[in-house]
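Enquirer: Going line by line, the protein sequences match chains A and B. Take 1 as the starting number for the first sequence in our numbering and just add one per residue. Take 1001 as the starting number for the second sequence in our numbering and just add one per residue.
Since the hints were made in silico from the structure, they are not lab data. Just so we're clear, the structure is a prediction, and the values are computed from it rather than from any experiment. Watch out, some of these pointers could steer you wrong.
To be verified - So, partial list: chain B residues that the calculated Cβ filter (under 7 Å) puts toward chain A: (1) 1076; (2) 1243; (3) 1248; (4) 1281; (5) 1333; (6) 1334; (7) 1335; (8) 1340; (9) 1349; (10) 1362; (11) 1364; (12) 1373; (13) 1374; (14) 1492.
Stated by the list, open to error - Distance condition first, Cα-Cα at most 16 Å in a straight line; then the derived EDC-like pairs of lysine to aspartate or glutamate: (15) A:274 / B:1351; (16) A:11 / B:1485; (17) B:1272 / B:1008; (18) B:1253 / B:1452; (19) A:249 / B:1485; (20) B:1065 / B:1128; (21) B:1504 / B:1485; (22) B:1190 / B:1004; (23) B:1366 / B:1351.
Cβ coordinates follow ideal geometry from the N, Cα and C atoms, glycine included.
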Amino acid sequence: MKEKWSALMEKEGAKTVVASLLSILIGLLMGCIIVLIVGLTNPALGAGSVWDGIRLVLGGILSTGRDAVGKLTFGFNPTNVGNMLFRATPLILTGLSVAVAFKTGLFNIGAPGQYLMGTAATLIVALSIPTASVPAPIVWLLAFLAGILAGAAWGAIPGMVKALLNINEVLACIMTNWIAANLVTWVFADSIWCNMEENGKTGYIYKTAHNGVETAKWGLDAVFPGSQVNWGIIIAIVLAVVVYVFITKTTIGYELVSCGSNRHAARYAGINDKRNIVLSMAIAGGLSGAAASLYYLSGNTEFFWSTYQSLPAVGFNGIPVALLAASNPVAIIFTGCFMSMLNISGQQLTNLTGYNEYITDVIIAAIVYLSAFSLVIKMLLTGRKKRKTAASGLDSRPAQDGRTEKGGEGA
Amino acid sequence: MAAENVIEMLHITKEFPGIVANDDITLQLRRGEVHALLGENGAGKSTLMSVLFGLYQPEAGIIKKNGQEVRINNPNDATALGIGMVHQHFKLIDVFTVLDNIILGAETTKAGFLQKKEARAKVQALSERYGLKVDLDAKVEDITVGMQQRVEILKMLYRDNEILIFDEPTAVLTPQEIDELMATMKEFAKEGKSILFISHKLNEIMAVSDRVTVLRKGRYIGTVDTKDTDRQSLSNMMVGRSVQLEVQKAPAKPGEAVLSLRDFCVPSKAHKRNAVNGVSFDVRAGEILCIAGIDGNGQSELVYGLTGMEKSSGGTVTLCGEDISHASIRHRGRNMSHIPEDRHKHGLVLDFALEQNMVLQRYREKQFQTNGIINRGAIREYAQRLIRQYDVRSGQGPVTVARSMSGGNQQKAIIARELDREKPLVVAVQPTRGLDVGAIEYIHSQLVAERDKGRAVLLVSLELDEVMNLSDRILVMYEGEIVGEFDPKKTDIQELGLYMAGAKRMEKGGQSA
Chain A
1 MKEKWSALME KEGAKTVVAS LLSILIGLLM GCIIVLIVGL TNPALGAGSV WDGIRLVLGG
61 ILSTGRDAVG KLTFGFNPTN VGNMLFRATP LILTGLSVAV AFKTGLFNIG APGQYLMGTA
121 ATLIVALSIP TASVPAPIVW LLAFLAGILA GAAWGAIPGM VKALLNINEV LACIMTNWIA
181 ANLVTWVFAD SIWCNMEENG KTGYIYKTAH NGVETAKWGL DAVFPGSQVN WGIIIAIVLA
241 VVVYVFITKT TIGYELVSCG SNRHAARYAG INDKRNIVLS MAIAGGLSGA AASLYYLSGN
301 TEFFWSTYQS LPAVGFNGIP VALLAASNPV AIIFTGCFMS MLNISGQQLT NLTGYNEYIT
361 DVIIAAIVYL SAFSLVIKML LTGRKKRKTA ASGLDSRPAQ DGRTEKGGEG A
Chain B
1001 MAAENVIEML HITKEFPGIV ANDDITLQLR RGEVHALLGE NGAGKSTLMS VLFGLYQPEA
1061 GIIKKNGQEV RINNPNDATA LGIGMVHQHF KLIDVFTVLD NIILGAETTK AGFLQKKEAR
1121 AKVQALSERY GLKVDLDAKV EDITVGMQQR VEILKMLYRD NEILIFDEPT AVLTPQEIDE
1181 LMATMKEFAK EGKSILFISH KLNEIMAVSD RVTVLRKGRY IGTVDTKDTD RQSLSNMMVG
1241 RSVQLEVQKA PAKPGEAVLS LRDFCVPSKA HKRNAVNGVS FDVRAGEILC IAGIDGNGQS
1301 ELVYGLTGME KSSGGTVTLC GEDISHASIR HRGRNMSHIP EDRHKHGLVL DFALEQNMVL
1361 QRYREKQFQT NGIINRGAIR EYAQRLIRQY DVRSGQGPVT VARSMSGGNQ QKAIIARELD
1421 REKPLVVAVQ PTRGLDVGAI EYIHSQLVAE RDKGRAVLLV SLELDEVMNL SDRILVMYEG
1481 EIVGEFDPKK TDIQELGLYM AGAKRMEKGG QSA
């Protein structure tokens, strides 16, 4: 058993998984400690709330509220799970976006900008084509494609700047993020897409349901009653598998990864490294755009147009999602779900205990921070392994001092 | 033979996962001797030296200095014991001056301030005493490789090291500089310093060393007095079989020109002038044409320009009758295979499996993909065939990560990939750099076989032995221009050396016309 375990730990993949799980575990423990400290120092909370808080941090997804005597109850909560899947949809896609760029040796910190451009294109198409004359599913499809294309175009810009002018893509991405934030604000400000009807909602764009465009639920509403989940999550999972196949099994994927692993060798072999950088960033952008499309096409999500001062967090959260998954597209499905599960846990914490809602963001931030440590943890795992073999080598070395070995066994 | 042992490494064993790098190795270094450590790549020379230098801890065995057992846990311990090392790749800071580099880590200070005057005086004295000419105030990035090596040697002397390790010190030097280095090493030995000289160049070992210890595949083969042995028996000990030191080849039967360069120019990245300036020559089918020259005279740029990796700034390149002066790298690759100078930077994607590296240019061919989906099975089969045919050794066969392979086998993998593409022109740049005699013999025979199949071979080499041995025609390049053309049968290393150093030159087209 022990040998089997150590043989498994030899494998690079196993090390990655263990490192990610460890960083998640440490992150959750950090979250619990924060809950503990805040609970004990705040007289309004106290020890009872601490226990409730810790249980919610660890298992908020299974929380079913409080019973008659005020005790927390746990069990399968289809609404929570459904909402988790709904919120995981854009996270999976921005995670894929970051991962694809990583594979080509690029750091796509431009996912928020690509996400915003995707949002704008999707909403404009979904709200502008009258469903009276064009069938709603077609409008949905056009809006989805528009989101992908807008994101791809926005991602291609830093790619081109990098390929042609050799300007660092991180800088270019940060610039394009803010250009997107202001551009989107300018396009939507006082536009016909602003919801001026409902009181106090003048800052929001219409939900796409306003035009009868929304992602189908096709039975998912029966499985997860009361939640927002729709077929977007299925599309995200399919896209994750498609990206996996693309990267590992196609010639274009081979080119992208070659460029990412060794741009010089790729160039030597006749691979057009510049084209591949642009292509990789465009695909990354398209995935971020798709994230925005699927989120806003759900029909009942609202977009606040005045974004010029802040960038959507879901774009940045793609980075920890990709890091935790070590850029493996299939693993991203799970890390994306994990990140959105934290979100649900946080929501439960706010709803069911006296903890302030911002505490949950602190906990999520701690876990995200720890996710960047998964590489360090992986290195530590490798180091421990080495020392172990070194130590066992001392004991098991047979006495061979008498052996002589002189040259010329061939000749 | 009463000489005392300064350093004794007794029964050293060092294991890495899956490999025993040093298996019960004993090395005894006497005071005042030049002791050569000979072995193929992967024989465990570097591991043994890293153990001595405190970079690795051995699993078994002890190290003694002057008969006392010592523990060397890190390089600082080694320095304290008077052990110094010139690494194969110099450990110098490019933007520091020579003096700063020498005193770095051993600075004399007073109240926290550097006392450079004393240091300068000491370094100057050392430099004069041993004839190690350096410019103390020049920045390292501006001085020649030869001078950088002298800086490394002065670093060891400045620290009063008695045991000097030279890790393949001659790889980067010109013939004249090698002679100087040999003389310096002998001088050190005469003064009672002990020298460990790591090399696989048999000529140098025969010329400079007193004794030779031979390692093979991590094992100790034996220690012999240099005066009692010769090149052939040393190489047999090293490889474990009889090795052909001279290349066996029939006279060339050159045919039509496969590659023609006319007034070819490539701009330099370092300065405003052209790195390659108006070069014209032909490479004919069935001949090995060698470009000789000291490193940095435009040979690398010539190849970059020729293969399309750099843009040329003038002239024409004609390959198989087609003008490819402005063609893409991939387009040129249709008729050209290229064994690159830097196998880590260009030759391999080190994090890819061996099989993926084997199809670096060919993954788009029909046999390896269907509608853009890669055919893993076909690639594996192909890689297995190349591995068998070219005897590429690796831990896990086709799925071995290229990074984990030895340098010699990495190079064999590249050679296998390039030669198996069967192109009319083979461009080979320093194909045997850093390799051992076994691998060199193999690669040379492969290049001759290519020639005999009627392919044109353009060889760029800094090793004069290789140039003389392998080529059918030699062009000497100096400061971006061809300064002479020679028949290897009618010239010698001394004459080539004069042209390489720029002391002589032929008129353009003088001999070939």
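Enquirer: Each hint needs a verdict: does it hold in this structure or not?
Expert: Consistency of the hints with the structure:
1. Hint on residue 1076 of chain B is violated. Least Cβ distance to chain A is approximately 21 Å, over the 7 Å limit.
2. The interface hint given for residue 1243 of chain B is broken, as the beta carbon of that residue sits about 10 Å from the closest beta carbon of chain A, more than 7 Å.
3. This hint is violated: residue 1248 of chain B has a C-beta 18 Å from the nearest C-beta of chain A, more than the 7 Å allowed.
4. Violation of the interface hint for residue 1281 of chain B is found here, the shortest Cβ-Cβ separation to chain A being roughly 23 Å, above the 7 Å cut-off.
5. The beta carbon of residue 1333 of chain B is positioned within 7 Å of a beta carbon in chain A (closest approach about 5 Å), and the interface hint is therefore held.
6. Interface restraint check for residue 1334 of chain B: the shortest CB-CB distance to chain A comes to about 9 Å, outside 7 Å, so the restraint is violated.
7. At a threshold of 7 Å, the smallest CB-CB gap from residue 1335 of chain B to chain A is about 12 Å, leaving the interface hint violated.
8. Checking residue 1340 of chain B against chain A: minimum C-beta separation of about 6 Å stays under 7 Å; hint holds.
9. The criterion of a C-beta within 7 Å of any C-beta in chain A is met by residue 1349 of chain B, whose closest approach is roughly 4 Å, and the hint holds.
10. The interface hint given for residue 1362 of chain B is violated, since its Cβ lies 9 Å from the closest Cβ of chain A, which is over the 7 Å cut-off.
11. With its C-beta approaching chain A no nearer than about 6 Å, residue 1364 of chain B sits inside the 7 Å limit, and its interface hint holds.
12. Interface restraint check: residue 1373 of chain B against chain A, minimum CB-CB distance 6 Å, threshold 7 Å, status holds.
13. At about 5 Å, the closest approach between the beta carbon of residue 1374 of chain B and any beta carbon in chain A falls short of 7 Å, and the interface hint on this residue holds.
14. Hint status for residue 1492 of chain B: violated, given a least beta-carbon distance of 32 Å to chain A, over 7 Å.
15. A threshold of 16 Å between alpha carbons decides the hint, and for residue 274 of chain A with residue 1351 of chain B the separation of about 21 Å lies outside it, so the pair is violated.
16. Our distance criterion of 16 Å between C-alpha atoms is broken by residue 11 of chain A and residue 1485 of chain B, whose separation comes to about 55 Å.
17. Of the supplied pair hints, the one linking residue 1272 of chain B and residue 1008 of chain B is violated, its CA atoms being roughly 53 Å apart against a limit of 16 Å.
18. Between the alpha carbons of residue 1253 of chain B and residue 1452 of chain B the distance comes to roughly 8 Å, so the proposed pair stays at or under 16 Å and holds.
19. With a C-alpha separation of about 50 Å, the suggested pairing of residue 249 of chain A with residue 1485 of chain B is violated against the 16 Å cut-off.
20. The hinted pair formed by residue 1065 of chain B and residue 1128 of chain B fails the criterion: a straight-line CA distance of about 30 Å is larger than 16 Å.
21. In summary, the hint linking residue 1504 of chain B to residue 1485 of chain B is supported, as the alpha carbons are separated by about 12 Å, within the 16 Å threshold.
22. At most 16 Å may separate the alpha-carbon atoms for a hinted pair to count; residue 1190 of chain B and residue 1004 of chain B meet this at roughly 15 Å.
23. With a C-alpha separation of about 25 Å, the suggested pairing of residue 1366 of chain B with residue 1351 of chain B is violated against the 16 Å cut-off.
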